[in-house]
Amino acid sequence: MTCNFYRRLVLAASIVTTATGLLAPMSAQAQGAGDRIRKIVLITWPQGVNPQAHQASQFVAQAWRQLGLEVEVRPMPWSQHIQVVWNEREKWDTTMWRMVGRPERSDPDEVVFNNYHSSTAATGFNFVGYTNPEYDKIATDQRQTPEAEKRKSLVVQAQRLLDRDQPQMFLVHPSSIKAFNKDVWVEDSIVNQSGIGIRNFWTFVRATPKGAQKQMVLNSAEPVVAVSPMYIAGAASSWVTELVWDRLARVGPDGLPQPWAAERIDWVNSTTVDVTLRAGMNWHDGRPVTIDDVIYSFEAPAMGNKVPMYRSAVNDITKVERSGERRVRFTLKTPNSAFVTATLAKINLIPKHVWDPIMKDLMNKPENAESIPNPPPIGSGPFKMVRNRGQEEIVLDRFDGHFSAPKMDRWVLRIVPNPEATLGMFRRNEINFLADYGGAPEVLEKLSKDAPQLVLKSEVDIGFEYAAFNLRRPPFSDVNFRRALSMAVDRNMLVQAAWKGYAVVSNSHVSPALKYWHDADITKIRTGLPVAREILERAGYKVVGGRLNYPDGVKETLQPN
Amino acid sequence: MRFILTRLLHSLFVLWAVVTLMFLMFRLMPGDPMAAYISEALSEESKQSIRAQFGLDRSLPEQYLLYVYNLCRGELGTSFFIKEPVWDIVMAALPNTLTLTFIGLILAYSFGVVAGAYLAWKRGSLTEGIAIPIVLGTRAAPEFWVGMILLAIFAFNLGWFPSGGAASPGAMYDSEWQRLLSADFWHHLALPVLTLALYLQGLPLLLMRSTMLDALHEEYVTMARMKGLPTRRIVLNHAARNAMLPVATAFALSMGQLVGGNVVIETVFSWPGLGRILVQAVSSSDYPLAQGAFLLVSVALIAMNLLADLLYTLLDPRVSHERRH
Amino acid sequence: MSAGTEPSYGLTKKILRLTGRDPFALAGISIYVVFALTALLANVIAPHDPMEILFLPDGNVAMNQRPSPSYWLGTTSLGRDVFSQLVFGARSALMVGLSAALVVVVVGTLVGLFSGYFGGWVDNVLMRIGDIALSIPFLPFIIVLAAFVKPNVWNVVIGVSALLWPNTGRIVRSQVLSLRERSYVEAAKVSGASHLNILFTHIAPNVLPISFLYGSIVVGWAIFTEASISFLGFGPSDTVSWGFMLQDAFVSQALSRGAYYWFIPSGVCIMLMVSAGFFISRGYEELLFPKLRD
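Protein chains in written order, with this note's numbering: chain A, 14 to 574; chain B, 26 to 350; chain C, 54 to 347.
Fair warning: there could be bad hints in the mix.
[Claimed, not checked] Chain B is nowhere near these chain A residues, computed Cβ spacing over 12 Å in every case:
1. G47
2. R111
3. N127
4. N128
5. E162
6. D267
7. A315
8. S336
9. G414
10. P454
11. V492
12. N505
13. Y529
14. V544
15. D565
16. L571
[To be verified] In silico BS3-like links for lysine-lysine, alpha-carbon gap of 25 Å or less:
17. A:K150 / A:K346
18. B:K108 / A:K373
19. B:K108 / A:K104
20. A:K470 / A:K227
21. A:K346 / A:K163
22. A:K195 / A:K420
23. A:K470 / A:K459
24. A:K420 / A:K459
25. B:K108 / A:K378
[Said to hold, decoys possible] To give a feel for the contact side, a few chain A residues facing chain C, derived at Cβ under 7 Å:
26. Q60
27. P432
28. G452
29. A510
30. Q572
Rather than coming from a laboratory, the hints here were simulated on the basis of the structure. Note that beta-carbon positions come from the ideal geometry of N, C-alpha and C, so glycine has one too.
My request is simple: use the sequences and hints to build the entire structure.
Right under this line is the structure:
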């Protein structure tokens, strides 16, 4: 008879379970809520590569969970990370990301335009998919406004729009810490670039060896995925590219552009500028740099959509033509106040005899220039490529024929994935320039105290770290949802807990390092879980059974990734 | 001779089975089966050409045949992220792994054999009582943990050894041999090899000890003792020689297992070998590279197993005695 | 091969006698018992939730705290209590270890029984499969497995069991080979008992003790492997295990900070668990270690 008893028990249990199962969604509807929101995946950096951002992502996820979301924090190695975010734009929900402070970004134009203008949403930097005609207009206008004050107010408006729409969750502007060994390098020859720090082009060219060691050995935590003048594949890749290829202008240590490969830059009128090339420049293969090469350098990125990362920088150019023996004339569609910084200081000068066949070949194929990660490294820059093993080390030698040849003999970039090993190498003078340190600042500070020849320098970066939302995928298409998630996290807590004080709070893409353009009031936001919950409630989101649901009538259409 | 052939065939069979298993594993994973070779980032045309080369648009049996054919040609595909042929990448890493494994084993076995013999001699003493748990402890401690501690002491604090990699920055050599024989290489090899040897020495030590103990108790040894022959000669002439056989076999077997098992040591010390490549490839879903590294490691394992088999059979007096009759 | 010639109760008695006499066996079993209790009583013993980010009274995150009365082994760089992680890590370790050992024991015993008893093509096929399993590189296989299945603790269990059963299988097989000629087996056959009956009633009980002893080594081995996998970053990041603790410590620069309280204890625990397996096998050495080839 116990058989019967157990059978009945099982039957009862299954009825109850089914009933609960059926009732649960019904009760949600009864309360006026839509479907339960799917699990959200937050892609992040591996803990070893960017511990601060990794830790920040843990805090962010914890806050979102307290709003009723199920969140998975998914670390991804860099090469896969960039692949997913850049090439699979329909597939990810949220990701940690950072805009690195680069000299060309000393003018806010690049970030203001490239990152949020709708034209770059499909294949360019606007991978969050922000399409707002109001913003598009402001971004285009600021570019064409030469009057500083007017332009500034437009840039401030741009920041306010992003604050309202929260296409991504700005977290902090990090204070990057760099260091060098002053027994190896003359301390005064290390150049500090505003908003970037001491790891910059000028240091590499001007650093003077003190003693017998004439090579600079620096480190990167990420591998160098590509060394190409047509493709920016990450921070470390760009340091190498800057040294191998020249540009007509460069952003100086003060943050302002200055002529570089150009002897002089003369504005004829607001849409026409003449640039005179220096005499006697040669490519690393011995051939001379000609005006045809210069013209080609600005034509190539405009070919079809073969060079997505540089195309927007040359979009404004109607024509480039020879206008003298060593002179080129650029004619622009509309006035562009950031032209020198955003274009002349960005486009790499490439030899036509090397790239013409490559581009012609590409025009016949569906691929673009990013499919050639390591093209022949023939540039005219102060260093020439000796060995490119992107996963281990890059070796560059001084190019003696350069008009501003470096003081050092050799530049060696070592890929060291974890901070512990990096510090060990720095301590032992295997590395004499600490270019990329993502580890704990207090450990480095202690090291510097114990070994005073290791000098630390930190600087608030032009760049910023953030959690990006994919506006193509609901509920991230709803501005209220985004605002709630963004306001749920106290940025000050993140600065202390994740960045250990080596950062400043951010709510804008224009860093305080760009003093003139930064909106000082933009970070006055109210954050915290109560604020977030209020926003969600007012927008109709309901918490059912501990989990957050869509507003009434809205269905969950996507699968978690 | 026939025996050697049988063993060889057996190994080839096992190799075939492992290759097939890998084929199935990589094809049956969740998602697009073609993702094993085709990165999303490639253009349609590239994807088409890879599909044709690996027959990914054909039926499973046809794919399999093409897969095996490609393997025999050494065609392992192109790494998704490094964008170079997998064959080149794994071949460049192979010497580093082989050196680490081989030197580690030699160190471990040299020490283990001597120490094991010594401990067999000192049967029942206090030394043995303390030594055995310590030896077992070295075998039980995770290699990466020991490695981390050695790094902390010798590289970070004392600065005697580099903290990673196989070469100093900017070092360049004319040939692979020159690199492998350079002082810089060996300086970098020191800590990883020490960690590995520390972990490995337990096995030959205990093995040597136990076989020697057996040999020492055998009748003719007792007889020789009764006859008054010096014990040391007995030990060296007979006991030690007999013990060498299992030790030699274990050496060959370990060699095979370690080629893949060095993964943790290579990670802690950033040693650019096959293990580290496998880990990085799997982490970044670089399937062609992961397959290639895994395959090479399997081949090494099977080859070493075969060697161990042959070695044992050739050297074991009992077996060869049987064969002669 | 003289092991297991007596019926099962004789073997078990022998094991118990050895436990009493041999310090190694005793030490091994004690270690297992201590950790088993820790795992079972983890909720009681651990002062905090191991994954909870803790805060100091002043509102800051309690990161990198040195050992103190509030945090017995200090905290991690994300503000989690190290001691609590260690205690809950025992739970994860035992789960992995025992599951792997169970599978190896079950599979190895079954294979050995069928292989040894029936011989012929059954034996051939099973031994060939065993050869293949032994020819797959251990750690790389589990790493690749982790690539295809979402990181979770069962990867290690499946991987370890799939590659380690052949050793148990071989030993059991050789046992069975000698047992099958015994008189009581003959008697059972004559009285008309079916093959399966004989296998499971008469032979299996005699080989189980050996299987279980081999299983005890697998416990430690599985924990060791899980630690390696977690260290490499392929383990689940939402559950605490000793391997996870070591990886966390390494990546958070515990070495440079001198946070020995963080990375020494977990390593010691792993060492103890694996040693326990070895001690047990040493204690029963005469039962377990045949020559290299039978």
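Checklist entry - Should the label of V544 of chain A as a non-interface residue stand, given a Cβ cut-off of 12 Å to chain B? => result holds (38 Å)
Checklist entry - Would the least Cβ to Cβ distance between D565 of chain A and chain B come out above 12 Å? => result At roughly 35 Å from the nearest Cβ of chain B, D565 of chain A sits farther out than 12 Å, so the non-interface label holds.
Checklist entry - Holds or violated: G452 of chain A as interface residue toward chain C, Cβ cutoff 7 Å? => result With Cβ-Cβ at 5 Å, under 7 Å, it holds.
Item to check | 25 Å limit on alpha-carbon distance, applied to hinted pair K108 of chain B and K378 of chain A | outcome: holds (18 Å)
Item to check | 25 Å Cα cutoff - pair K420 of chain A, K459 of chain A | outcome: violated (31 Å)
Next on the checklist: Next pair to validate is K108 of chain B with K104 of chain A; report whether the Cα-Cα distance is within 25 Å.
Outcome noted: holds (24 Å)
Checklist entry - Is it correct that the beta-carbon of P454 of chain A has no partner in chain B closer than or equal to 12 Å? => result Per Cβ check, P454 of chain A is outside 12 Å of chain B; nearest 18 Å; holds.
Next on the checklist: A510 of chain A was flagged as interface toward chain C. Is the shortest Cβ-Cβ separation under 7 Å?
Outcome noted: holds (4 Å)
Checklist entry - When you look at the beta carbon of G414 of chain A, is every beta carbon of chain B farther off than 12 Å? => result holds (22 Å)
Item to check | Given as non-interface: G47 of chain A, partner chain B, CB spacing beyond 12 Å | outcome: holds (29 Å)
Item to check | Assertion that E162 of chain A lies farther than 12 Å from chain B (Cβ) | outcome: holds (44 Å)
Checklist entry - Is the straight-line distance between the alpha-carbon of K346 of chain A and that of K163 of chain A 25 Å or less? => result Holds. K346 of chain A to K163 of chain A sits at ~20 Å (cutoff 25 Å).
Checked against the numbered hints above, the structure violates hints 24 and 30; every other hint is satisfied.
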